[in-house]
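These protein sequences, in sequence, are chains A, B and C. For the first sequence, position 191 (counting from the first letter as 1) is numbered 191 according to the working numbering, and the numbering increases by one without interruption. For the second sequence, position 61 (counting from the first letter as 1) is numbered 61 according to the working numbering, and the numbering increases by one without interruption. For the third sequence, position 455 (counting from the first letter as 1) is numbered 455 according to the working numbering, and the numbering increases by one without interruption.
There could be a bad hint or two in this list.
In silico DSSO-like cross-links for lysine-lysine, where the CA-CA straight-line distance does not exceed 30 Å [as the list claims (entries may be wrong)]:
#	chain 1	residue 1	chain 2	residue 2
1	A	K193	A	K54
2	A	K150	A	K184
3	A	K339	A	K54
4	B	K24	C	K277
5	C	K281	B	K7
6	B	K201	B	K23
7	B	K7	B	K125
8	C	K458	C	K361
9	B	K81	C	K283
10	B	K23	C	K458
11	C	K281	B	K81
12	A	K289	A	K98
13	A	K284	A	K47
14	B	K31	B	K7
15	B	K108	B	K125
16	B	K132	B	K31
17	A	K42	A	K87
18	B	K31	B	K125
19	B	K7	B	K201
20	C	K277	B	K23
21	C	K277	B	K81
22	A	K150	A	K193
23	A	K47	A	K98
24	B	K108	C	K277
Read the hints as simulated data drawn from the structure, not as lab findings.
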Amino acid sequence: MKKIQLILLFALFGQVVMTNEVNVYTSRHYDSDPGLYEEFTKETGIKVNIISGKGSALLERLKAEGRNSPADVFFTVDAGNLWKVQKENLLQSIKSDKVLKVVPENLRGPNNEWTAIAKRARVIFYNPTSVDENEISDLDYEDLANPEWKNRVVIRSSSNMYNQSLVASLISNLGESQTESWAKGLINNFARKPQGNDRSQIIAVANGEADLAIANSYYIGIMLSGSAGKEQLEAAQKVRMLFPNQANRGVHINISGAGILKHSPNVENANLFLEFLLSERVQKYMVDKSYEYPILEGILPSKEIASFGLNFVEDQTSVRQFGELNPAAVRLMDRAGWK
Amino acid sequence: MNEVILKIQNLSHSYDDDQLSLKKINLLVNKGERLSIQGPSGCGKSTLLRLIAGLEEPNEGQIFINEEEVSSPGFSVPPEKRQIGMVVQDKALFPHLSIYENICFGIKKNTDKEQIALDLLNLFKIEELKNKFPHQISGGEKQRVALARSMAPNPNFIMLDEAFSALDSDLKVSIYDEVLEIFQGKNITVILVTHDTEEAKILSTRQLNMDNGELL
Amino acid sequence: MNKVSFWSALPFAVLFVFTAPILIIFSSFFGGYSENWNHIINFVLLDYVSSSIYLVFGVSLIVLLIGTITAWTVTNFNFPGKRVFEWALILPLAIPPYILAYTFTGLFDPFGDANNLARLILGLDRDFVLFPNVRNVYGAIIVFGFTLYPYVYLVARSSLINQSRSMQESARMLGLNQFQVFHRLTLPLIRPAVIGGLMLVIMETLSDFGAVEHFAIQTFTTGIFRTWYGLYDLQTAMQLASLLLLAIGVFYILERNSRGQQIYTASNSTYSPNLEKRLSKSKAVLAFLVCLTPIFIGFILPIIELSVWAYEVNRDFFTTQFVSSFVNTISLSVVTGFVCAGLALLINFSIRYKPTYLVNKLSSLLSIGYAVPGLILAVGIVQLFVYLDSLALSSLDIVLTGSLIGLILAYIIKTYALANSSIDSGYERISSALDDSSKLLGVVGWSMLRKVHLPLLKTSLLTSILLVMSDVVKELPATLILRPFNFETLAVSTYIYASEERMIQAAAPAIAIVLTGLIPILFLTKMIRSSRPVQIDE
Numbered sequence: 001m002k003k004i005q006l007i008l009l010f011a012l013f014g015q016v017v018m019t020n021e022v023n024v025y026t027s028r029h030y031d032s033d034p035g036l037y038e039e040f041t042k043e044t045g046i047k048v049n050i051i052s053g054k055g056s057a058l059l060e061r062l063k064a065e066g067r068n069s070p071a072d073v074f075f076t077v078d079a080g081n082l083w084k085v086q087k088e089n090l091l092q093s094i095k096s097d098k099v100l101k102v103v104p105e106n107l108r109g110p111n112n113e114w115t116a117i118a119k120r121a122r123v124i125f126y127n128p129t130s131v132d133e134n135e136i137s138d139l140d141y142e143d144l145a146n147p148e149w150k151n152r153v154v155i156r157s158s159s160n161m162y163n164q165s166l167v168a169s170l171i172s173n174l175g176e177s178q179t180e181s182w183a184k185g186l187i188n189n190f191a192r193k194p195q196g197n198d199r200s201q202i203i204a205v206a207n208g209e210a211d212l213a214i215a216n217s218y219y220i221g222i223m224l225s226g227s228a229g230k231e232q233l234e235a236a237q238k239v240r241m242l243f244p245n246q247a248n249r250g251v252h253i254n255i256s257g258a259g260i261l262k263h264s265p266n267v268e269n270a271n272l273f274l275e276f277l278l279s280e281r282v283q284k285y286m287v288d289k290s291y292e293y294p295i296l297e298g299i300l301p302s303k304e305i306a307s308f309g310l311n312f313v314e315d316q317t318s319v320r321q322f323g324e325l326n327p328a329a330v331r332l333m334d335r336a337g338w339k
Numbered sequence: 001m002n003e004v005i006l007k008i009q010n011l012s013h014s015y016d017d018d019q020l021s022l023k024k025i026n027l028l029v030n031k032g033e034r035l036s037i038q039g040p041s042g043c044g045k046s047t048l049l050r051l052i053a054g055l056e057e058p059n060e061g062q063i064f065i066n067e068e069e070v071s072s073p074g075f076s077v078p079p080e081k082r083q084i085g086m087v088v089q090d091k092a093l094f095p096h097l098s099i100y101e102n103i104c105f106g107i108k109k110n111t112d113k114e115q116i117a118l119d120l121l122n123l124f125k126i127e128e129l130k131n132k133f134p135h136q137i138s139g140g141e142k143q144r145v146a147l148a149r150s151m152a153p154n155p156n157f158i159m160l161d162e163a164f165s166a167l168d169s170d171l172k173v174s175i176y177d178e179v180l181e182i183f184q185g186k187n188i189t190v191i192l193v194t195h196d197t198e199e200a201k202i203l204s205t206r207q208l209n210m211d212n213g214e215l216l
Numbered sequence: 001m002n003k004v005s006f007w008s009a010l011p012f013a014v015l016f017v018f019t020a021p022i023l024i025i026f027s028s029f030f031g032g033y034s035e036n037w038n039h040i041i042n043f044v045l046l047d048y049v050s051s052s053i054y055l056v057f058g059v060s061l062i063v064l065l066i067g068t069i070t071a072w073t074v075t076n077f078n079f080p081g082k083r084v085f086e087w088a089l090i091l092p093l094a095i096p097p098y099i100l101a102y103t104f105t106g107l108f109d110p111f112g113d114a115n116n117l118a119r120l121i122l123g124l125d126r127d128f129v130l131f132p133n134v135r136n137v138y139g140a141i142i143v144f145g146f147t148l149y150p151y152v153y154l155v156a157r158s159s160l161i162n163q164s165r166s167m168q169e170s171a172r173m174l175g176l177n178q179f180q181v182f183h184r185l186t187l188p189l190i191r192p193a194v195i196g197g198l199m200l201v202i203m204e205t206l207s208d209f210g211a212v213e214h215f216a217i218q219t220f221t222t223g224i225f226r227t228w229y230g231l232y233d234l235q236t237a238m239q240l241a242s243l244l245l246l247a248i249g250v251f252y253i254l255e256r257n258s259r260g261q262q263i264y265t266a267s268n269s270t271y272s273p274n275l276e277k278r279l280s281k282s283k284a285v286l287a288f289l290v291c292l293t294p295i296f297i298g299f300i301l302p303i304i305e306l307s308v309w310a311y312e313v314n315r316d317f318f319t320t321q322f323v324s325s326f327v328n329t330i331s332l333s334v335v336t337g338f339v340c341a342g343l344a345l346l347i348n349f350s351i352r353y354k355p356t357y358l359v360n361k362l363s364s365l366l367s368i369g370y371a372v373p374g375l376i377l378a379v380g381i382v383q384l385f386v387y388l389d390s391l392a393l394s395s396l397d398i399v400l401t402g403s404l405i406g407l408i409l410a411y412i413i414k415t416y417a418l419a420n421s422s423i424d425s426g427y428e429r430i431s432s433a434l435d436d437s438s439k440l441l442g443v444v445g446w447s448m449l450r451k452v453h454l455p456l457l458k459t460s461l462l463t464s465i466l467l468v469m470s471d472v473v474k475e476l477p478a479t480l481i482l483r484p485f486n487f488e489t490l491a492v493s494t495y496i497y498a499s500e501e502r503m504i505q506a507a508a509p510a511i512a513i514v515l516t517g518l519i520p521i522l523f524l525t526k527m528i529r530s531s532r533p534v535q536i537d538e
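Excised from the complex, chain A in its bound form (with noise of 0.2 Å):
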């Protein structure tokens, strides 16, 4: 009787076990990572053990463990995202030359208490039909808010984080005002209230509902492999992307990124894992899978992708700006009325 008692308790208090082996916090949702972490463990041994779950769900268990808390590594897409637990001073610098060397600064936090594993841009997609050339020639994001494209654009709403990190990148560039006018201006040219998620966005334009549809570059992947379903390969065919702001600054990139816990039990497993995942091979294999793009130079992302386009020019602001900028970008878009 007392064994069941305590497998039960176990079970229902979610007790962490632990030998040799790495503990990854990770809010990434990718069907491609269960893979990533068996190649780490048949390459070095280390066990990996996956708590995932939101960001938010995963930073209030991270605060409340404290001292105790078993998680190692903490993995998550959007820089915004990796600030919220930078702020709470969860994290400690990553000293590994590997990591430093390959990945440009700015695409690390502040003091190094993250780093990017991998890459997004948030492009444009269109429908070639319902678009002209001429219209989309040197087209920026600054354009979308001009009264040619009145209701012609759709993007989802302001309380998810990849808007919220364009926008505070906007806000670095050109400036609280200048930004929010633009909000206002393209809220005014939404085909329709901001609903669904980037997907949506993209089935929307490849319906004719909309002419333009700003979403994360992954998304044609997924679609265009097929492995959503029918439905979404036929609209991603009949879409195309382009990359905004080719004529100054760049297209806006985010990043799926990394650090390590401030009191780790592991660290030196959680270093092994992130040079892992910075490393040739699984650069390559993460790409194929998710559609990003790689950190490391000299690695082609998947064929779906690259077909749009691999020698654009990216926005070099450094990503820890969209932490940084996060509260200032939702109170804009509140202020613009992007709901």
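With chain A's structure known, arrange chains B and C on it following the hints.
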């Protein structure tokens, strides 16, 4: 003063297409009369009252109230226009209204409502119940209220359908005397339906029997 | 420990656990107010309030109209189909609002099935949109109106049946025509019951998260969710939650009041003849349509859309994800069912065994959970566990946050009222004379519970378990917040697929939810059929 207040000719009715519940009823009631109809349950006496009231429509036959036709095949005056008072077995007092409001319920707008109601409260000796509610009074008191309410709009005549059967037997006897006095005093025409022979004897001036849909 | 004090202490202990999350939410009023709070007040609070007001008004209008008119039609008239409509009118209760919302967008979006079909039939090009956009407040009002009207229908019908026909006929004899009878008699008498039903509808509307989020409407629930998940600001989320709780508190009090008033307007007659008037052909057709329309919109239409999706997903219906969600959901609901039923049994027994005024009052407070939105309960529990974990961490290495305990606790608090009402009515049927005889024979305490009460309460226990299970299966917002990592229930799976606009995959979990939702409906229909009034034959 032998005005015919109610005339029924050849009245027939059936609830379903099978059996007739009433077979060719003929009846005359004079003003001031108190008519009782007795019979076993299911004989059709309640149905007769409902037809007179206008709550059901007959298959054939005619009904006249005060010489005016209120019912014939294809034509029927709705109950609210027939000016008939009715008291049923469960008294059916309105639970959300006070006794005073219950009594006033049917009194027409342009009359002196308050005076009429007070007079009736006095008559039935229930003045102190004026502001109470139905769930706060006894069975006997509800009886009086129901009667008062039915008389308040000054109807052509009133009908009682097993109106007293829910009361205790001792209570019944005292009520009969009271009620009789009131009926006589105000010269009220009454048609009452009952299975209680005592009730019929005390309260009515003419007694009839009914069986199987026919008046005997 | 003295057995007597266990029974007296139990209700207090349970009350403490149940109210702790709510008290914690309110305690946020005394914490600091962050920048986010000021920002919310200045820019979004007005939106939350106005959307909520719109919703409450619109939904109230619809449920009052549909609920009372259908109840009136079905109680007073005889027409073909009436027997079926009597119970069929509550079918929409099996469909939680968020599922109706998902099927509506699947149908009425510009490129949804209904519009596509219309274009096909009418042979028009893609610019033509027949059905208006539903992703707004009006769409939400329709969704809530048509899934929740059965609450009003049920109470209105029950109240109408209790109104003796003779009362209405007396009113007519006193000179009122049919409309006046309805207006001065029927309506005032059903008003307390209808208000009670309406309050339940409003509380459910304000608690919803899935439907309003899908329609992109800014309400308190989406605001709370967004502040917590998007801004990572638990404190401000709790402050928002407090506001919503205050508003709901008002409706909760109104609902309890109406229950008291219903006693006075109950019919005081023991004999209720209720002849149903047979309708002429044209009127019968009207009555038929009046009853069919709400059932069609609230039940048949969503079922059709779900079936279309199920057909399209075809062999992929039983994915591994579906199976695991299904197993998770069933396990959770069974555990909650048993715990709630057990608790209700113990509490009701202790009230009966050691009745005091205080304990009685306390136990009715235990049922308060049904009024608290699942989202708010979850937020309170998150904060509660964060406190507990920070206290306990020095001595124990237990982490409550992120475990199943929080979720089960939320379910229990939310559904306790259901279990309680079932056990309570079961106990009412057990006369206290049995308790007395038992005591005289020396069988007291636990033994009395086990040997005397338990055998007699078997049906009530089963009913309460089933009712609780069906409620747990449908629950969405609390589950989203409190579930352990990678743990999905049927409701969560439906939500995730729907937010990714993968509606076809949503079919399997959604259909499973509706099927389980039909279980309590079966109970209710049995109750309805047996409550048909007596026909007189004279």
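message: To test your reading of the hints: which numbers does this structure violate?
response: Hints 5, 7, 10, 16 and 17 are the ones this structure does not satisfy, whereas the remaining hints hold.
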